[in-house]
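> Residue-level listing of the chains:
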Amino acid sequence: MEEVDRILIHTLRTCGTEIPEEVQSVRHFNTELIVEAVVRCLRVINPSVGANLSHILPPGMSARFRIGTSLAQACQDLGYTGEVGYQTFLYSSEPDIRALLIFLAEKLPRHSQEDADQPAGKSAVLQREIATKIKQQLCLPWLPPSCRTAAAKRSQSLCLLHRFHAQPLSLAGDSSSKSIPPDRKEYWERYLPSVSTQLPHAYSLAASLLERNTSDLSAVQEWEAEWKSQGLASRLSPEEYRSRKRQRLQKRIQDQLHKFSQQFTENHIPGSSTQDLVDMLKAFTVEGGVDQNKGSRFTHAQKFTHQQDPQVLTEQMQRAAESLPKKDTQDAEAEQQELSSLQQQIEDMERDIQGLSETTKQLRLTIAQVEEETGKLQQHCDEKEKVVKVKKRAVELLPDAENNLAKLQAMVDGSTQRMTNLEGQWESHRARLMDEYREMKRLQQEKEDESSRWMKDVRDLYDKIRAAADEARRKEELYKQLVSEYESLPKDVSRAAYTQRILEIVSNIKKQKEDITKILSDTKDLQKEINNLTGKVDRTFVVTDELVFKDAKKDEPVRKVYKYLAALHENCSHLIQTIEDTGTILREIRDLEEQIETEAAKKTLSNLQKILEDYKAIKQENALLLGRMRQT
Amino acid sequence: MRPEPLHAQTPVRRHVEASVHESERCWKEDMNGGFSTRCRGQHLLVALSPARSVWYPVGTRAAHVCRTCATLMLTLLESLGRIAVEFLRKGSNPKVYEGAARKLEVSSTTVQQAVEGLTYLLSESSKLLISDIDFQDSVLVLGFSEELNKVLLQLYLEHRKEIRRILSELQPNLPHYHNLEWRLDVQLASRSLRHQIKPTVTMKLHLEENSELKTSVLQTDPATLIHMIQELEQALAEMKTNHCRRIVRNIK
Amino acid sequence: MELSEDSLRGLQRLADPAQFSPRAFGAVLRAAFLSLSLSPDQAAHPAVDDTVFQHIPPCHIKECQAAATMFILEAVRNTIDRAALSTFLEDCKFDKERTEHFWTEYQKHRESLEILLENIGRTPPHVSDVSWRLAYEIKTNQLYKTHRPSYLVKFNLESPDTSQAKDISFNCSMEQLQDLVGKLKDAAKGLERTSQM
Numbered sequence: 001m002e003e004v005d006r007i008l009i010h011t012l013r014t015c016g017t018e019i020p021e022e023v024q025s026v027r028h029f030n031t032e033l034i035v036e037a038v039v040r041c042l043r044v045i046n047p048s049v050g051a052n053l054s055h056i057l058p059p060g061m062s063a064r065f066r067i068g069t070s071l072a073q074a075c076q077d078l079g080y081t082g083e084v085g086y087q088t089f090l091y092s093s094e095p096d097i098r099a100l101l102i103f104l105a106e107k108l109p110r111h112s113q114e115d116a117d118q119p120a121g122k123s124a125v126l127q128r129e130i131a132t133k134i135k136q137q138l139c140l141p142w143l144p145p146s147c148r149t150a151a152a153k154r155s156q157s158l159c160l161l162h163r164f165h166a167q168p169l170s171l172a173g174d175s176s177s178k179s180i181p182p183d184r185k186e187y188w189e190r191y192l193p194s195v196s197t198q199l200p201h202a203y204s205l206a207a208s209l210l211e212r213n214t215s216d217l218s219a220v221q222e223w224e225a226e227w228k229s230q231g232l233a234s235r236l237s238p239e240e241y242r243s244r245k246r247q248r249l250q251k252r253i254q255d256q257l258h259k260f261s262q263q264f265t266e267n268h269i270p271g272s273s274t275q276d277l278v279d280m281l282k283a284f285t286v287e288g289g290v291d292q293n294k295g296s297r298f299t300h301a302q303k304f305t306h307q308q309d310p311q312v313l314t315e316q317m318q319r320a321a322e323s324l325p326k327k328d329t330q331d332a333e334a335e336q337q338e339l340s341s342l343q344q345q346i347e348d349m350e351r352d353i354q355g356l357s358e359t360t361k362q363l364r365l366t367i368a369q370v371e372e373e374t375g376k377l378q379q380h381c382d383e384k385e386k387v388v389k390v391k392k393r394a395v396e397l398l399p400d401a402e403n404n405l406a407k408l409q410a411m412v413d414g415s416t417q418r419m420t421n422l423e424g425q426w427e428s429h430r431a432r433l434m435d436e437y438r439e440m441k442r443l444q445q446e447k448e449d450e451s452s453r454w455m456k457d458v459r460d461l462y463d464k465i466r467a468a469a470d471e472a473r474r475k476e477e478l479y480k481q482l483v484s485e486y487e488s489l490p491k492d493v494s495r496a497a498y499t500q501r502i503l504e505i506v507s508n509i510k511k512q513k514e515d516i517t518k519i520l521s522d523t524k525d526l527q528k529e530i531n532n533l534t535g536k537v538d539r540t541f542v543v544t545d546e547l548v549f550k551d552a553k554k555d556e557p558v559r560k561v562y563k564y565l566a567a568l569h570e571n572c573s574h575l576i577q578t579i580e581d582t583g584t585i586l587r588e589i590r591d592l593e594e595q596i597e598t599e600a601a602k603k604t605l606s607n608l609q610k611i612l613e614d615y616k617a618i619k620q621e622n623a624l625l626l627g628r629m630r631q632t
Numbered sequence: 001m002r003p004e005p006l007h008a009q010t011p012v013r014r015h016v017e018a019s020v021h022e023s024e025r026c027w028k029e030d031m032n033g034g035f036s037t038r039c040r041g042q043h044l045l046v047a048l049s050p051a052r053s054v055w056y057p058v059g060t061r062a063a064h065v066c067r068t069c070a071t072l073m074l075t076l077l078e079s080l081g082r083i084a085v086e087f088l089r090k091g092s093n094p095k096v097y098e099g100a101a102r103k104l105e106v107s108s109t110t111v112q113q114a115v116e117g118l119t120y121l122l123s124e125s126s127k128l129l130i131s132d133i134d135f136q137d138s139v140l141v142l143g144f145s146e147e148l149n150k151v152l153l154q155l156y157l158e159h160r161k162e163i164r165r166i167l168s169e170l171q172p173n174l175p176h177y178h179n180l181e182w183r184l185d186v187q188l189a190s191r192s193l194r195h196q197i198k199p200t201v202t203m204k205l206h207l208e209e210n211s212e213l214k215t216s217v218l219q220t221d222p223a224t225l226i227h228m229i230q231e232l233e234q235a236l237a238e239m240k241t242n243h244c245r246r247i248v249r250n251i252k
Numbered sequence: 001m002e003l004s005e006d007s008l009r010g011l012q013r014l015a016d017p018a019q020f021s022p023r024a025f026g027a028v029l030r031a032a033f034l035s036l037s038l039s040p041d042q043a044a045h046p047a048v049d050d051t052v053f054q055h056i057p058p059c060h061i062k063e064c065q066a067a068a069t070m071f072i073l074e075a076v077r078n079t080i081d082r083a084a085l086s087t088f089l090e091d092c093k094f095d096k097e098r099t100e101h102f103w104t105e106y107q108k109h110r111e112s113l114e115i116l117l118e119n120i121g122r123t124p125p126h127v128s129d130v131s132w133r134l135a136y137e138i139k140t141n142q143l144y145k146t147h148r149p150s151y152l153v154k155f156n157l158e159s160p161d162t163s164q165a166k167d168i169s170f171n172c173s174m175e176q177l178q179d180l181v182g183k184l185k186d187a188a189k190g191l192e193r194t195s196q197m
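The listed protein sequences derive, respectively, from chains E, C and U.
Numbering-wise, the UniProt record's numbering puts 391 at position 391 of the first sequence, and it's gapless, one number per residue.
Numbering-wise, the UniProt record's numbering puts 7 at position 7 of the second sequence, and it's gapless, one number per residue.
Numbering-wise, the UniProt record's numbering puts 164 at position 164 of the third sequence, and it's gapless, one number per residue.
Hints were generated in silico from the structure; no laboratory data involved.
Wrong hints could be hidden among the right ones.
Mimicking BS3-like on lysine-lysine, the simulated pairs with C-alpha atoms at most 27 Å apart in a straight line are [claimed, not checked]:
no., chain 1, residue 1, chain 2, residue 2
1, C, LYS204, U, LYS93
2, C, LYS240, U, LYS145
3, C, LYS198, U, LYS145
4, C, LYS240, E, LYS153
5, E, LYS563, E, LYS553
6, C, LYS161, U, LYS93
7, E, LYS456, E, LYS245
8, C, LYS240, U, LYS108
9, E, LYS560, E, LYS550
10, U, LYS166, E, LYS153
11, U, LYS154, C, LYS204
12, E, LYS386, E, LYS407
13, E, LYS554, E, LYS528
14, U, LYS93, E, LYS133
15, E, LYS135, E, LYS122
16, E, LYS602, E, LYS107
17, E, LYS475, E, LYS122
18, U, LYS93, E, LYS475
19, U, LYS108, C, LYS204
20, E, LYS135, U, LYS189
21, E, LYS153, U, LYS93
22, U, LYS145, E, LYS133
23, U, LYS93, C, LYS198
24, U, LYS166, C, LYS214
25, E, LYS464, E, LYS480
26, E, LYS480, U, LYS108
27, E, LYS563, E, LYS550
28, E, LYS245, E, LYS259
Now the stretches of chain C that chain U is said to cover, found in silico as 3 or more residues with beta-carbon under 8 Å [as the list claims (entries may be wrong)]:
no., segment
29, 111 to 118
30, 131 to 143
31, 152 to 164
32, 212 to 219
33, 223 to 232
34, 235 to 242
35, 245 to 252
Quick reminder that beta carbons are idealized off the backbone N, C-alpha and C, glycines included.
Construct all of the structure, not just a fragment, from the sequences and the given hints.
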């Protein structure tokens, strides 16, 4: 009971009851303390019920009675099945109060346990956050729209709201990269406005930047997904894969355009728009062609001049800029004139240049044609010369025809022999090369197999990497959540206290159990001994009885002895009976004593006295009230 | 109120005069206020238009017509009254006139005139909410028999409430509160901010205008909601203040 | 939280003490924060001819400012905490000092940035105030002696879209107003109940 009381008192203290140090068990609770403890518990269990009850016992008797009744009602509402009424609180008996307090305490921890359970899970955390936010906003005072502060505007106003309006931004890229053309670098260097000035206000800037980041990221993701699914299988390097894809796309676009333009020209009279289309198509094909034969001299030259151009231009510009300030004293009109004449000159020159370049082009074309013709003629000439040589030789050999024929025959024979010889040699070579080729092919096949195996491994690895990354992220989040949960957990010691107490109780119980088993075994031993002894006595008595009875038939004094023996036996059994009776009576006495104690614990006498006093008080109060009524 | 005209001898006439005057004033006010004056019940407009178009002369014509009524059999007045009330409810129905005319053995135009006259009498008296005695006085001038007058009074008292209800639907119509639905929303994330908690109360306000429902979706924050409740409760409480009560008492 | 490669490169460049001196770093950071502030400041973008930036190519400054702005925005969008911010910046080779500098600046501007991002979006018109008028109806041209109170209620609306921002006003009888107030009270009660969960 002491343990139970200690735990009870601890629980009651945690829910706000001020229990003095000297009170160690429920037995010492007085009426005020009981009422306070019950009210505090009720407040924690159900705030709406507890709020109506005062934890201080009022002096008036009728008010006391009312409090007792309402407390009893509240306890019954909570589901207390035991007998409870105003008398439970006002004229308390220890076991009743203990049972009631245990019931309330059992209701308590479950409640706080729910609180402790709440942090588990994201949704609960979220719900609590929402709840606190709403509470906070409900407590905010309402302000007229014109005098709202920034904080009030945040929750009460919409005047700052803007749409998510993303616009394309121009951002500087990696200027140290080699693949960026210098024009673009120069643009970044000199003309690109900084991000903050590209858009009118911070809202669109924020929206555009966020959108840009997201689209960049998703583009990378998309590329990765494609590369993993198709790129790796194609066994090309990423750049090759990209250019291959671009070509494919270009070709498809070209085909489609061709198809439609043809359809269009078939169906309609070609107007200006179709002409445009056809022009564009031509340009497109030319461009594509240029792209494909990168190595041609012409394109190189073109590129070269283009690259040079800006430098030349800037030099010229600088020179012009230098010469400009000197001229500012001259007449503006003259300058204007000069400018227009110069303009004229430039135009003339440009026209000349154009004409010249056209002629150059034509000339170049003719040159190419002429060169081609020359080549052809040269070839022709060579062929003719060869024929002439052969014929000349034949003419030379003609006089000694016989000889020469024989010689020729011999030569022909020799050459055929040599031919067969060579053929044999070729055969052997060929066989060897063939073997080698086959070997190579086999090796190649093996390598291919191996590479595909590698490829598979790589893909597996990719998957694993991604899975691991996901896992890591998940774990990280879990960790974060757990940390926040841990931080939000109430750091009270009651748990430790509880466990310690429970452990103590368990050890106590263990000890008690040992004691009980010891006593039990003692009792069993005793019982056995008693049994043994009774058995022995019985047996001894039977043996003696037989012996004496046999002799008693013959002998007179022995008969007496027999009588005595019987008397002795009877007396002894009487004695044993008496001892047993004493034992039961002792036990009964102990039981009764216990009963007396429990009755005494109920404080019947003092309670009766109290009731009597209260009765008197009520009577007095009533009399007082009656008197007052009469007075009024 | 304009001074009583000389020819206004009966309460009905007086009221007619007053109503014309009053309605002109109201009309002008409404126009200035920019209010829509379209009538809600179209059939009712049709029903009352004959009465309205002949506002001035009807006073005399009604008397004449009613006198015609008097020549009809008294027992049939009730059926005519029923037709008149039907007229107010649903609009004119020539078939009913013909049916009645055949029964009464008079021309259908006579029946129509009689019904229109009764209609006018009933609607005008209901509009003015005149008392029993006023009504009897007004009817007395028409020169009917005692019994007939009683039947007319009975008819008036029976249907006054309904006619007033029908007439109340005719008044100039502003957007009128019909219903409000609400929902508690908490914005948890948006495209530009992934973690936020922004409680709002979204409301759907149904307004009624010209018997059409118009809805608008609004939202507000907790603090403003509380403020709105306080303001509107104050508005309700205003009606119970002494000042308002005194005004109401004095007006009646 | 993730950033595109371009922005990561910009941040790494910004972290490099060989390219950006601490003063230049601070200037870029300030510019990035200021460009997102709601009151547009003239000093929102760093002047290229500033002595702080003498030895840095302007395109690097632009690149780094864009990257820093983007990082700040993403950080606010994902409500990043200190630990995550530090690890992210460490991955971009920020030293301790610069991370610290970044964090203090971030803390300073965090609320205004949150307001900025919170205010991007759309919602139905917001009721910001209510006004009412109590009238006592006496007669209409159709009906005399009506004698009933009539309320005119006006909701003042706020909306980012000015075409929608017309106030709503409507008539209601006493019973209808009671109904309206009852429903609004229901809503308030619902809020309270949610706040006690």
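> Indicate, hint by hint, whether the structure satisfies it.
Here is how each hint holds up against the structure:
The suggested pairing of LYS204(C) with LYS93(U) is violated, with an alpha-carbon distance near 53 Å, which exceeds 27 Å. About 20 Å separates the Cα atoms of LYS240(C) and LYS145(U), which keeps this hinted pair within 27 Å; it holds. Taken as a hint, the LYS198(C) and LYS145(U) pair is broken in the structure, with Cα atoms around 50 Å apart against an allowance of 27 Å. With a CA separation close to 35 Å, the supplied pair LYS240(C) and LYS153(E) exceeds the 27 Å bound.
Restraint check for LYS563(E) and LYS553(E): the C-alpha separation of about 12 Å stays at or below 27 Å, so the hint holds. Taking the CA atoms of LYS161(C) and LYS93(U), the gap is near 87 Å; set against the 27 Å cutoff, the hint is violated. A threshold of 27 Å between alpha carbons decides the hint, and for LYS456(E) with LYS245(E) the separation of about 23 Å falls inside it, so the pair holds. Under the criterion of a C-alpha separation no larger than 27 Å, the hint pairing LYS240(C) with LYS108(U) is inconsistent with the structure, at around 53 Å.
For the hint pairing LYS560(E) with LYS550(E), the CA-to-CA distance comes to about 13 Å; that is within 27 Å, so the pair holds. For the given pair, LYS166(U) sits about 20 Å from LYS153(E) by alpha-carbon distance, which is consistent with the 27 Å threshold. Of the pairs offered as hints, the one joining LYS154(U) and LYS204(C) holds, with about 15 Å between alpha carbons and a cut-off of 27 Å not exceeded. Distance check on the hinted pair: LYS386(E) and LYS407(E) sit about 23 Å apart at the alpha-carbon level, within 27 Å; holds.
As the CA atoms of LYS554(E) and LYS528(E) are separated by approximately 39 Å, the hinted pair breaks the 27 Å bound. A threshold of 27 Å between alpha carbons decides the hint, and for LYS93(U) with LYS133(E) the separation of about 38 Å lies outside it, so the pair is violated. For a cut-off of 27 Å, the pair hint linking LYS135(E) to LYS122(E) stands: about 20 Å separates their Cα positions. Under the criterion of a C-alpha separation no larger than 27 Å, the hint pairing LYS602(E) with LYS107(E) is consistent with the structure, at around 25 Å.
For the suggested pair LYS475(E) and LYS122(E), the alpha carbons sit about 15 Å apart, so the restraint of at most 27 Å is met. A distance of roughly 25 Å separates the Cα atoms of LYS93(U) and LYS475(E); the hinted pair therefore holds under the 27 Å criterion. Note on LYS108(U) and LYS204(C): the hinted pairing is violated, with a Cα-Cα distance of about 40 Å set against a maximum of 27 Å. Distance restraint check for LYS135(E) and LYS189(U): the Cα-Cα separation of roughly 12 Å lies within the 27 Å cut-off, and the hinted pair is therefore satisfied.
Distance restraint check for LYS153(E) and LYS93(U): the Cα-Cα separation of roughly 39 Å exceeds the 27 Å cut-off, and the hinted pair is therefore not satisfied. A hinted pair counts as satisfied when its Cα atoms are at most 27 Å apart, and LYS145(U) with LYS133(E) does not qualify at roughly 51 Å. Of the supplied pair hints, the one linking LYS93(U) and LYS198(C) is violated, its CA atoms being roughly 37 Å apart against a limit of 27 Å. Note on LYS166(U) and LYS214(C): the hinted pairing holds, with a Cα-Cα distance of about 15 Å set against a maximum of 27 Å.
With a CA separation close to 24 Å, the supplied pair LYS464(E) and LYS480(E) stays within the 27 Å bound. A distance of roughly 25 Å separates the Cα atoms of LYS480(E) and LYS108(U); the hinted pair therefore holds under the 27 Å criterion. Taking the CA atoms of LYS563(E) and LYS550(E), the gap is near 13 Å; set against the 27 Å cutoff, the hint holds. Annotation: proposed proximity of LYS245(E) to LYS259(E) holds, straight-line Cα distance about 21 Å (limit 27 Å).
Residue count for the segment 111 to 118 of chain C with a Cβ under 8 Å from a Cβ of chain U: 0. That is fewer than the three needed, and the coverage hint is violated. Only when three residues or more bring their CB closer than 8 Å to a CB of chain U does the claim for the segment 131 to 143 of chain C stand; here the count is 0, and the claim is violated. Requiring three or more residues with a Cβ within less than 8 Å of a Cβ of chain U, the coverage given for the segment 152 to 164 of chain C is violated, as only 1 such residues are present. Only residues whose C-beta sits within less than 8 Å of a C-beta in chain U count toward coverage, and the segment 212 to 219 of chain C has 4 of them, enough to reach three; the restraint holds.
Here's how the segment 223 to 232 of chain C fares: 8 of its residues keep a CB closer than 8 Å to some CB of chain U, so the rule of at least three is met and the hint holds. Only residues whose C-beta sits within less than 8 Å of a C-beta in chain U count toward coverage, and the segment 235 to 242 of chain C has 4 of them, enough to reach three; the restraint holds. Counting residues of the segment 245 to 252 of chain C whose CB lies closer than 8 Å to any CB of chain U gives 4, which reaches the minimum of 3, so the coverage claim holds.
Comparing the model with each earlier hint shows violations of hints 1, 3, 4, 6, 8, 13, 14, 19, 21, 22, 23, 29, 30 and 31; every other hint is respected.
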